[in-house]
Amino acid sequence: MKRYVVRRICTGILTVLIAFALNFALMKMAPGDPITTLMGKDNDSPEMRQALEEKYGLNEPIPVQFTSYLKTALQGDLGNSMIYNRPVSEMISERVGATVLLGLTAAILAALIGTIMGICAARREGRIFDVVSSGTSYVFNSMPNFWLGLMLILVFSSGLGLLPSYGMTDTRASYTGIMYYMDIAKHMVLPVATLTLVLIPQYFRIAKSSVLQVTNEDFVTTLRAVGMSEKKIFNKYIFKNAILPTVTIFGISMAYLITGVTLIEIVFAWPGMGRLVMTAINQRDYPTLMGIYLIMSVSIAVVMLVVDIIYAMLDPRIRYE
Amino acid sequence: MENREFISIEDVAMWYPYKGKDKAKATGKKNWIKAVDGVSLSIKKGEILGIIGESGCGKSTLGRILTRLEKPTKGDCFINGVSTGAMIKKDAKEFHKTVQIVFQNPFDTFTPRDTIGKILMRPLKNYKIGKNDQERYQICLKGLEQGGLRPAEDIMKRFPHELSGGQLQRISIIRSMFLNPQFIIADEPVSMLDVSVRADIINMLIDLSRNQGAAVLFISHDIALTRYISDYIAVMYLGRVVEYGTADDVIKNPQHPYTKALISNCASIDPEEKVQNIAIEGEPPTPLNPGPGCYFEPRCYCACETCRQSYPEKIVMENGHWATCSRINK
Amino acid sequence: MEKMKKICKTIKGDRQLLAGMIGIVILLALVILAPVVASENPHHYGKDILNSLGQNGHLLGTNHMGQDIYSMIIYGVRTSLRVAVISALISGVLGVLIGGVAGFFGGKVDTFVSELINVFMMLPSFFLILLIIALFGNSITNVMVVIGITTWPSNAKLMRAQALSLRQRTFVKSAEAMGETKLQILFKYILPNGIFPVIANTTMGMSNAILTEAGLSFLGLGDPSIISWGQMIYTGKQYITSAWWISAFAGIAIVITVLVFYLLGDGLNHVLNPKHLNRGAN
Amino acid sequence: METILKLDDVNVTYVNKEKEVYAVRNASFSIEKGDSLGVVGESGSGKSTLANALLRLHNEKSTLISGAAEFEGKDLIKMTSKEMNELRWKEISVVFQKAMNALSPVHRIGRQVEDIYHVHEPQASRKEIEERMIYLLKLVNLPERVYRLYPHEMSGGMLQRVAIAISLLHKPKLIIFDEATTALDVVTQGQILQEVVQMEKEMDMTRIMITHDMSVVAASCNKVAVMYAGEFMEIGRVEYIFKNPMHPYTQGLLNSFPSLKGENERLHAIPGFLPDLSRKQEGCIFAPRCPKATEQCFRKKPQASYMEDGRMVSCWLYERGGVKDGE
Amino acid sequence: GCSGSGKGSGGDASSSDGSGGTFIVRSAGDPMSFNPDVAGDDNGYPIAQNMFRRLCALDSSKQNLVPEAAESWEYNEDATKLTFHLRDDLKWSDGEALTSEDVKYTFDTIKANPTYYFSASMAVVDSIEAPDDYTVIFNLNKPDSSLVYFLGWYATFIMPEHVYNNGQAWEENSEATNPTVTCGPFKLEEYNQGESVTLVKNEEFADPAKLDKLIFSIIPDEATAVQALQNGEIDFFENFSASYVTELEADPNIRVEINEYPSPIRMLFNFNNDTLKNQAVRKAIAMAVDRDEVSEKVFNEIQKPEYALYPSYVEWAANTEDTAPEFDIEGAKKVLEDAGFTADADGNYITGLTIDVFEGSGYPDTARLIQATLAEVGIQTEIEVSEYNAWSQKVSVEKDFDICLMGGFMGPDPSALVNRIGTGGGSNYGSYSNTKVDELLAQGASTAEQSERATYYKEAQTILAEELPYINIVSFAGPEASNAGFKNLPYDGEGKWAWADYSHVEKAN
Ligand SMILES: Nc1ncnc2c1ncn2[C@@H]1O[C@H](COP(=O)(O)OP(=O)(O)OP(=O)(O)O)[C@@H](O)[C@H]1O
Ligand SMILES: Nc1ncnc2c1ncn2[C@@H]1O[C@H](COP(=O)(O)OP(=O)(O)OP(=O)(O)O)[C@@H](O)[C@H]1O
Ligand SMILES: [Mg+2]
Ligand SMILES: [Mg+2]
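Those sequence lines, one after another, are chains A, B, C, D and E. Counted the way the working numbering counts, the first sequence spans residues -8 to 312. Counted the way the working numbering counts, the second sequence spans residues 249 to 578. Counted the way the working numbering counts, the third sequence spans residues 269 to 550. Counted the way the working numbering counts, the fourth sequence spans residues 1191 to 1517. Counted the way the working numbering counts, the fifth sequence spans residues 150 to 658.
Hints in this document: simulated from the structure, not taken from any laboratory. Here a beta-carbon is modelled for each residue, glycine too, at the ideal position from N, C-alpha and C. Keep in mind that the hints are not guaranteed to be accurate.
As the list claims (entries may be wrong) - With a Cα cut of at most 30 Å, we get these calculated DSS-like pairs of lysine-lysine:
#, chain 1, residue 1, chain 2, residue 2
1, B, 405, B, 379
2, B, 341, C, 441
3, A, 222, D, 1280
4, B, 319, B, 373
5, C, 376, B, 405
6, B, 322, C, 450
7, A, 223, D, 1470
8, D, 1391, A, 227
9, D, 1264, D, 1451
10, B, 338, C, 376
11, B, 319, C, 376
12, B, 376, C, 376
13, B, 500, D, 1470
14, C, 274, B, 341
15, C, 315, B, 366
16, D, 1272, A, 223
17, C, 274, B, 366
18, B, 376, C, 441
19, A, 231, D, 1280
20, E, 240, E, 636
21, C, 315, E, 483
22, C, 441, B, 292
23, B, 405, C, 315
24, C, 280, D, 1317
As the list claims (entries may be wrong) - What the simulated footprint calls covered on chain A by chain C, stretch by stretch (three residues with Cβ under 8 Å from a Cβ of chain C suffice, anywhere in the stretch; the number is not a length):
#, region
25, 4 to 16
26, 104 to 110
27, 214 to 227
28, 261 to 274
29, 286 to 298
Claimed, not checked - Calculated Cβ distances over 10 Å to all of chain A for the following chain E residues:
#, residue
30, 491
31, 543
32, 656
Only chain A is shown next, with the shape it has when bound in the complex (with noise of 0.2 Å):
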């Protein structure tokens, strides 16, 4: 167990490292750099882009760049935003709870619904629940989240007028107390829907067919040749058996919260971390989008690894080698 974690967090911090490496080449080799963002429109002053150059130290050998940029992360430093010209650091954790707050309800709700419809359908295989259900997951997997969005503001906003269609709080009204928590879950309804709807599926799937398989393993006729009720076998023997890959995927989707939540963040306007990368890699700020890129891969490192343990506390058929 001890070697396997060891070597787990090796691959993490080569992740890592390879990710960073790979982001900064990219970055680097694109065209555009920041000091268009930051000389502002319409202003073409070589002097002042000479200048802003030797500022950022952007007209360093390349290597060198990197290095020192390493070196300063590897102390925990992630640098100065160049357009923002604030702690990277800072901007993250200002927007991270949003993200957090909106992905990890929809990953939760999601798993939640989806299995159990998943068991539901599956312990009814072939009838009509099962064939509805079964049926709508694979539109809502075939849905573009970014399009039910808008079929969702469509509807619910600007149609019914019902919810609100952006942001994360009412910025008329600021509200405190009660009413501000109150205030933040109005607003989360549609893109927590939005997500939620295309999420469920998986786990939807994942469920049905696991418990599926379990219902067929041989165990489960040994269980039921010595004269266990359906439900008592289903209840102590397939679940936790069938459970086991709807925690993987729950850990996955976890790690790509970030990701996975950018364009719908983007549709609702809400003040989450995929849209401090949208911006940034539209001004090409650097330290800010390596920051993110950082932490993100950090995170997917860590819970990857989170989920592997768990997932070998919860199997005892696995072994470490």
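Mind docking chains B, C, D and E with the ligands on chain A? Use the hints.
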């Protein structure tokens, strides 16, 4: 028949490094799975040597080494005095032509994607047997018919899963025959087959060794069958040969306690012949760092102090029959 | 002949596969027959702008540029299928080769490659695609290549697992014993026998490629010189309340196409599942 | 002796989308209390199908079972599933071939044993169960610690013994071994067989032993039933049948077995292979492979004939000389 | 369509308490810094305009100067000295007075710092004098009558010397992230990154704002912002796509105004390209652009076709007689034929040209329409769309393009043309060069009298109309929409107050 040893296996060993699990830490040193641990045997031309032993004792590993699908950790085998290691280095194709293997599971011996025709033609093409495809096709037809597989043309068109196990196993042997091998290893060739069809395979192997003078190594855990087919039998335990002799000697007059237990436990189909089974204590062993004493000692019903200290010597009896047990003459 | 019959039978036997097959045939027909089926050239910027459904003979209306939405949807199939097929092909070929080599040769090669696969699996791929496309330009070729080279790891992983287990299979051992070379074995035995889960996965990958392309287009990173549903949604977004048909139908087209590939992939998964293919390997 | 199980014309048919597989046909036989019946037959001859049918483990939707199987006077096939559940394990238990998969991989043996025990004895305390199980483990020659292990932590042989031990939890009257020892090596198999025969005597159980290994039957059963393609060819006492097989199929089977100590005679295979079970056959099912088949064999199914030594043979060769015919 | 009657005008809800109310303005992104002089920042500008003062400012037409910190200003005869007279009633929020020292400090620092946006424009300024607390004199090293306009444009806000002058760079100063000392109708209350910037009324200010609160709500996505406006979640949204105009105009709760200023969309030719060097080719291309179609389809007829070489909106400077040629497919073909081009089998005269555009603001659509009409003439083009930064790198830094479409401010004064088409001008991406034009532009810049300047500029345009180094396609007009419950929006203050100045906004009744 030539009297010189045709195949000689000299002190062959196959140790796999043992990965994982915590035991490794306790002892500190590297752990080995000694799948085959110093086996020396010889086979004459036209002779069938049977190898028996319980699951995991290294029978298949030995077979794989002899076909050079794996390189032994130690030792080598010689065909006509030439090292197989050298042979495969010099000309791998030629080596594989000389040594052929028939596997246990006929259902899995052929790629499910190709027709039998294609499968049979491949080695012919590889070895440039026959001038053109047409001639090769004829060779295949002839082979199939000789093996009792009729209508051959129809069988050539079929896919492996459309044939029965017995048919497949026969095709597997026929395919080996195309190359005129001098040494055939049959690794449990009938254990996956129905009783009613396996006789064909056994008879085919016997004919092969008799007619073509090929040496055959017959691996099986079915003792009765092994005795039936073999001239000699070697009994393996945890990677070592513990007893060797002519088939009748070993079966009727077993010397090693393990052989005795094995044979006594082997039920006969004759219901009247109720023998007293010799029980073996303990759980089946693993080949992980066995020794230093006799490997069978922990389960042996007549073990003594000497067995615990060092691996017993080979004790040779009449008729080339030998066993490694310190208690034999006492 | 018989083979064809059998294939037909398996297709008929699996409802999802059947639906997927019918879907894909229709889509392919649309690709070929687009000029016949479409009512006008989708690149024609006509006089009728923002026509609603059925107005002036525009079945699904027009957009602000005067392009016929129905025709655009029809021609959009070409783009989506092209993206799907080419990117999946790139991803499939890379995955199969890399995974196959790793699994078959094993040892150090495998350790190295599987670590590489692990690393690539953990990279946030949509993000990477986004970054590359945003930074390096959004031609459809870029999009296809980038999707292809960022999604191979899952294929490689599948292929590696297949190769690893196939390597132990008797027919591979027996091929080796029959004197076939490593390369022959890899291409004649390992790849053909191990490729089916990859094919199913690749089909699923096609759905994702279509969705990814749509997502990129939605962020304004689509190729402007082609007709793509993602871009229709993107431009239609401006008209979402006044001319909803621009983005709504494009979205439905995406849903249907992606659905077809999902059904196909799932169906293939059932049918090509190695469990159904091999006997005696239980 | 009292009859514990009596089968009367049991048929089991798998109904799939495209075809029906007649896996067991017209099975009729009976077992007395304390008997041990070996069912032999080639792979796919319907042995497991029959075993599962007796415990009603088949998927009810896709399997048709007809006929009557009386267990102590109650018909297993007509029983409600509640009654069936009552019976399962307490009266009839079964040991499957693939012990490796017969237990849930994510629960410890102890947990599973407790759950299984509680099905019929909800009041039993943990300690009681553990004691009972440990007693049984000892009986099958396993150490106590096994109780606390996960299935994957044991070897196949150990698991097989665990499975046997679990099947004995409630001292069932009838126990079915479905190829329970086939996967084991000779030594272990021999040992387990011996233990089983021993236990049987102690506990007064009836046993059905399904296997394709004749020697296993020879060593551990007193009656044997030879099955071919879903039908019983010959049923009778082991010593009679093995000494003097009457049905051509039985003869063929025994001919293809070399003896351990006797003379080395040439082995004979039965040509051909198992017929397609989804097709209804007009005549004797074995006819296409039978060396002694006559034209009649292909036309009409032979009746079961009962011989003097109590055996049943289903073959035209004996139609005349059979006891039944004389009555 | 749906006319978003759901919430009506949310502004009323909070205004019922009788106070000035809250006004919510859509912002496309986060401000880069709260020191508005560091960079030319579109998102930061409106915030700064309401928290800081500058000497003078351009109004929403971006043509007229209005006074801010300075009551008045004047040039000397030869336009080499610019004098400002400051108001004496302006105070920083910490009570200190805003004086000429602050102004001098601000512009000295900008001049000394090449990384600050206005630094390059300060090149003409020799020195700054502050003879007394309320007078500031800019001494120029050459005549430049346009400087005052540029002072009213971007990044010229007066910074408090007593706070900033502590040896720290502006962008590093904590004031740049959290401004406590400001001078304007509003002051900062709260900034939530990615969400909103909240300003509250500065009671101490000399001309107090009517509103209580001014919030900049950050909504990058345009469609979302339109939704929000219709739902009453925001009150003001400027410069959105023309496509929304019809729909918003139909909404009784929303007031839509079209605000025009001199930033036409134009097509620029690269003179380094051998084909495009040929005047006939440029002319043919110019004749193949159907401005009416572009205006109608891409800009919903909000942005009108523009034929003049300088925005005709600036009436005094634009030459509306000598203009680019009209749309004429056959004429274009003839121009090419006359110049010796022959059509190939497919009827193409010229192939292989690329049109570079950046994503957004209708450029790709415009390019597509032009591509289609060019193809009719027999000129085959490829469109390459890049994201803005990459486009900018390609066009402005590497100058690696054939034809590009671009927009951008051509004001506030025609003197800015030097930069765009003058030989060696910083924004002269197409490397156009004509000595006569250079001369005329120089004369225009060094003359203070407007009618005299007009003649120089018009003559320059006559040459440009012949040579066609670029052509304008459509004029610029930004639709701006607001909650109908408010009046005196920035664009209501033409000639009265600065663009993006919200201090005059008040409830309609
Ligand atoms: N590649 C390998 N790596 C590690 N251990 C191996 C490897 N191959 C075989 N072994 C081990 O070597 C031992 C002997 O295996 P082998 O397959 O030769 O046994 P066998 O006698 O053929 O058994 P069976 O009768 O079950 O076929 C076993 O304990 C097995 O686990
Ligand atoms: N679910 C099923 N649907 C259709 N046919 C089936 C099904 N299960 C088994 N069969 C068929 O029924 C026949 C009898 O199968 P069964 O498993 O009873 O044989 P068996 O005698 O136990 O064989 P083995 O010795 O291999 O265990 C076989 O031909 C098999 O293919
Ligand atoms: Mg083996
Ligand atoms: Mg069975």
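Hint by hint, here is what the structure shows:
1. B/405 / B/379: holds, 21 Å
2. B/341 / C/441: The hint holds at about 15 Å.
3. A/222 / D/1280: Within the cut-off at roughly 19 Å; holds.
4. B/319 / B/373: The hint holds at about 27 Å.
5. C/376 / B/405: Not OK: residue 376 of chain C and residue 405 of chain B at ~40 Å, beyond 30 Å, violated.
6. B/322 / C/450: holds, 24 Å
7. A/223 / D/1470: violated, 40 Å
8. D/1391 / A/227: The hint is violated at about 35 Å.
9. D/1264 / D/1451: violated, 46 Å
10. B/338 / C/376: holds, 25 Å
11. B/319 / C/376: With Cα atoms ~17 Å apart, residue 319 of chain B and residue 376 of chain C stay inside 30 Å; holds.
12. B/376 / C/376: violated, 35 Å
13. B/500 / D/1470: At roughly 48 Å apart (the allowed maximum being 30 Å), residue 1470 of chain D and residue 500 of chain B break the hint.
14. C/274 / B/341: Measuring from Cα to Cα gives roughly 38 Å; hence the hint is violated.
15. C/315 / B/366: At roughly 64 Å apart (the allowed maximum being 30 Å), residue 366 of chain B and residue 315 of chain C break the hint.
16. D/1272 / A/223: holds, 14 Å
17. C/274 / B/366: holds, 20 Å
18. B/376 / C/441: Given that 30 Å is the threshold and the Cα spacing comes to 21 Å, the pair holds.
19. A/231 / D/1280: Holds: residue 231 of chain A and residue 1280 of chain D sit about 26 Å apart, inside 30 Å.
20. E/240 / E/636: The hint holds at about 27 Å.
21. C/315 / E/483: Roughly 26 Å between the alpha carbons, so the hint for residue 315 of chain C and residue 483 of chain E holds.
22. C/441 / B/292: holds, 26 Å
23. B/405 / C/315: violated, 64 Å
24. C/280 / D/1317: violated, 56 Å
25. 4 to 16: holds (count 6)
26. 104 to 110: As far as the region 104 to 110 of chain A goes, the hint is violated, because 0 residues have Cβ atoms under 8 Å from chain C.
27. 214 to 227: violated (count 0)
28. 261 to 274: holds (count 4)
29. 286 to 298: The restraint on the region 286 to 298 of chain A holds, since 5 of its residues have a Cβ under 8 Å from chain C and three suffice.
30. 491: holds, 37 Å
31. 543: violated, 6 Å
32. 656: Given a closest Cβ separation of 14 Å, the condition holds.
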